[in-house]
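Peer 1: Generate the whole structure from the sequences, applying the supplied hints.
These protein sequence lines are chains Y and W, in that order. The opening residue of the first sequence carries number 1 in the working numbering; numbering runs sequentially from there. The opening residue of the second sequence carries number 1001 in the working numbering; numbering runs sequentially from there.
What the hints contain is simulated information worked out from the structure, not anything from laboratory work. Hints are supplied without guarantee of correctness; some may be wrong.
[What the hints assert, rightly or not] Calculated pairs, DSSO-like style, for lysine-lysine (alpha carbon to alpha carbon, straight line, at most 30 Å):
id : chain 1 : residue 1 : chain 2 : residue 2
1  : W       : K1442     : Y       : K15
2  : W       : K1190     : Y       : K320
3  : W       : K1280     : Y       : K37
4  : W       : K1280     : Y       : K320
5  : Y       : K37       : W       : K1190
6  : W       : K1132     : Y       : K323
7  : W       : K1195     : Y       : K323
8  : W       : K1258     : Y       : K195
9  : Y       : K323      : W       : K1190
10 : Y       : K193      : W       : K1280
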Amino acid sequence: MAELQTIQYTPRDFKSDQEVRWCPGCGDHAVLNAVQKALTELGIPKEKFAFISGIGCSSRFPYYMDTYGFHGIHGRAAAIASGVKVANPELSVWEITGDGDALAIGGNHFIHAVRRNIDINIILFNNEIYGLTKGQYSPTSGKGIVTKTSPFGTVEEPFSVGELVVGAKGKFFARTIDANVALSTQIYIEAAKHKGTSVIEVLQNCVIFNDGIHDVVTGKEVRDDRTIILKHGEPMIFGKNNDMGLILEGLKLKVVKIGDNGISRENLLVHDAKEHNPGIHYMLANMRYPEYPVALGVIRSVEGNTYEADVENQITEIGKTAKIRCMDDLLSSGSVWTVE
Amino acid sequence: MAKNSQVIKREEVVIRFSGDSGDGMQLTGTLFSDTAALFGNDLSTFPDYPAEIRAPQGTVGGVSGFQVHLGHSEINTPGDFADVLVAMNPAAIKANAKWIKPGGTIIFDKDNFTSKNIEKAGYKSDPIAEEKLENYNVIDAPVSSMVKEALKDFGLDPKSVLRTKNMFALGMVYWLFDRKLKYTEQYFDKKFSKKPEIAEANKVALRAGFYYAETIEALNPVIKIEPAPIAKGKYRNISGNTATAWGLLAAAEKAGLKVFIGSYPITPATGILEEMAARKDLGVKSFQAEDEIAGICTALGASFAGNLAVTSTSGPGLALKSEALGLAVMAELPLVVINVQRGGPSTGLPTKTEQADLTQALYGRNGECPVVVVAASTPSDCFKYAFEAARIALEHMTPVILLTDGYLANGSEPWRIPNMDSLPHINPPFADKKELPFMPYKRNCDTLARSWAVPGTPGLEHRIGGLEKTLKGTVSYIPENHEMMVNFRADKVARVVSKIPPLGVIGEESGDLLVVGWGGTKGYLLTAVRELQNEGYKVGLAHFNYINPLPGNVNEIFSRFRKIVVAELNTGQFADYLRQKHQNFRYEQINKVQGLPFTINEIKEKCIKLLEEK
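Peer 2: Below, the structure is given as structure tokens:
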């Protein structure tokens, strides 16, 4: 481990010389800080990071990182990142995307990257709006929202990121709030360490086109009562006074108050992020205010084979007994005849 | 297997196997081709099959054909008209009647000419009479009943018995052309090593057909095609798709790089992905993507990460890839995009051939977006041009589109195996770790290629992307910078001209008519030009493999001829391109858009007409 100890980075080491151009007050600034902080904790040499993005405000992210970076085209970051990781599994590959980029134009690549379990870390900035095109509804906008392209309110149901991840056989899903840098940093570290596709949904605030969309749960005054930070192996407790919790009643989650009806801490559900059966993770990821607190933290983190490792293994295994080892072997293989 | 019949020698012969798409005609044709190749004939093949895997049985739409042209002399095309047609059902007669040489031989399965099948094929009662083929050498063999009789003691179910019909027919054809059964029998032993009874049944059917043809003296005299006088060396049969895949693998070896292919299955390009996927022994990473866009985007990601990256597709898929191809142009990463052209537009004629994607390859993107375009011209030279596409992409840091077509992809021919030592080394311009700070868009003075800094290399961290950049890699909206970068990208592609061979002329070096072609039509144009030359015309052929940039000596060659005619399987895309690039010439055109290759005759006729006009 001598090598690891020599790598001592500060967040500053990951800042590029580019001026950050997001709007003042945009949630993206906090995400950038949290990521730069998280990278210092990983013991990975700087040249091994690759940040890949699509199109959208958040997709400018790679320009602000002093790492390898590739700013792609709309919706395709997951595909580009997949190619990078499969081609060189030694890289730590991060995909920066938004709700429009990942779930509308890039929906297909998103679900397939998750299904394949390629070891990339996807940070999905969810502000429920198209910011770069100046304010149209997105696939995560709540039904009925009035935007420039829905002057009378939308008539379509939104996607829930966690639901999609679980549906696509996802093995890692976490949720955080842009402004909560401490929680976010911790989650990015866990995501980086997780082998397989990690999806982190960031409830991100667009100050210009959808300001305060998450305030109802993330506002300073209310967030303790309206969110729950899940920690693996710990009971599901939340609330300003740490007196609220979650239990399973029948087939549904239920919010309870410790002390009411004889409920104690021992009655509460204990979070198990490593449970393969996604049933409870699905319910936790889908909790919505006001019926439930919104779940934050690592909701699901399950071990599984990664695509790129299986590809490497296949090549190694076949290589052990292969008769064809170079092009000359291949060219002379099979039905070959000689003209004298 | 002594022969009593008289044997005559012929220079060449064309045989077409035709039947229902489930009749095994592709295999029958392939086995015949292999036997001919091992005997030493030169040959060219053309599989022609319907898009439906199992089109309605007995219908003309469901006919699958495989044509083989073999000869004692050089063979450049699968041939226009067949000397022998093997028709497994009436629909096969219907589909091929006009493609049989007058007086040719037709072998058909009499047992399959039931009134129902005759009607399904669109005949009243007698296909031979209705097509006026009575004067041909018509052999009505009871193929189905003969195999039933021959295999009656095998205890096979009726379906398995009838599945050997094609081998009976193949046996007959082997007798007609005085061929040995050995190679085909060896194939059965290998293929059915776990089912020896099936191997034996096929052998019995094959021999039964051979002896039947001998008994009825199916052809008198028997035709013998002596081996062709071909260059010494090791040979193999190779199809265009396999040759394409191998050319890429050879380039990777010569560049010392790993290969990544990201593709989505599409006819007729799928064979390339399949062949690459099979090459795990050479370390190929094949990625069957969720769609065409992911195919190119994963490849582009792999290119960014330092692999030789490839995506293969056909016309509609290239359309889907165009935005990402623009990103590759902007990111200036090496990428090989293979378009196995098929009949278009839209879904068009998926299993037929056409050269109508040229304009799409050259221009089908937003913005000023030049790429290198290269085209292969025979099944085996797909190897050479896939290698070239990869070489240019890697050394010039640019996407390269390689155009082949359905006819090249599925056609095959004997190929003299190259020695890997004879191929050039490929030297990508990897960034110098000492030249810091790294400027992603700083260029080589000679090629204008930028340097390739592969993630994982310390000190060269940088960002690229689809937004316009300065040479330092900073996003820039400065008008003059954008114009400069547009010009750099164009000039970089244009400068590839110094790294490609000059255009050659086949036939007359100067004269009355220069036939100009590109890509997969070469065999036809070459044969037509040779024949015209033999008839005394002053004709030459300039066949293009490098489309963008064009070779540097085009003007010089074009000016040596009185007339120029551009022959292509579209409505004139290359002719229009030449009009734009070399305006000081007048271009006549020969065009065909039927999903079929040219025939020698139609090219000759049009050339003669041009030659005779003032």
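Peer 1: Evaluate each hint against the coordinates.
Peer 2: Now for the hints, and whether the structure bears them out:
Of the pairs offered as hints, the one joining K1442(W) and K15(Y) holds, with about 22 Å between alpha carbons and a cut-off of 30 Å not exceeded. In summary, the hint linking K1190(W) to K320(Y) is supported, as the alpha carbons are separated by about 24 Å, within the 30 Å threshold. Between K1280(W) and K37(Y), the direct Cα distance comes to roughly 40 Å. Violation of the 30 Å bound is thereby established for this hinted pair. Note on K1280(W) and K320(Y): the hinted pairing holds, with a Cα-Cα distance of about 11 Å set against a maximum of 30 Å.
At roughly 62 Å between alpha-carbon atoms, K37(Y) and K1190(W) are farther apart than 30 Å, so this suggested pair is violated. In summary, the hint linking K1132(W) to K323(Y) is not supported, as the alpha carbons are separated by about 55 Å, beyond the 30 Å threshold. With a C-alpha separation of about 25 Å, the suggested pair K1195(W) and K323(Y) falls inside the 30 Å cut-off, and the hint holds. For a cut-off of 30 Å, the pair hint linking K1258(W) to K195(Y) stands: about 23 Å separates their Cα positions.
Distance hint between K323(Y) and K1190(W) is fulfilled; the C-alpha atoms sit about 18 Å from each other, no more than 30 Å. For a cut-off of 30 Å, the pair hint linking K193(Y) to K1280(W) stands: about 29 Å separates their Cα positions.
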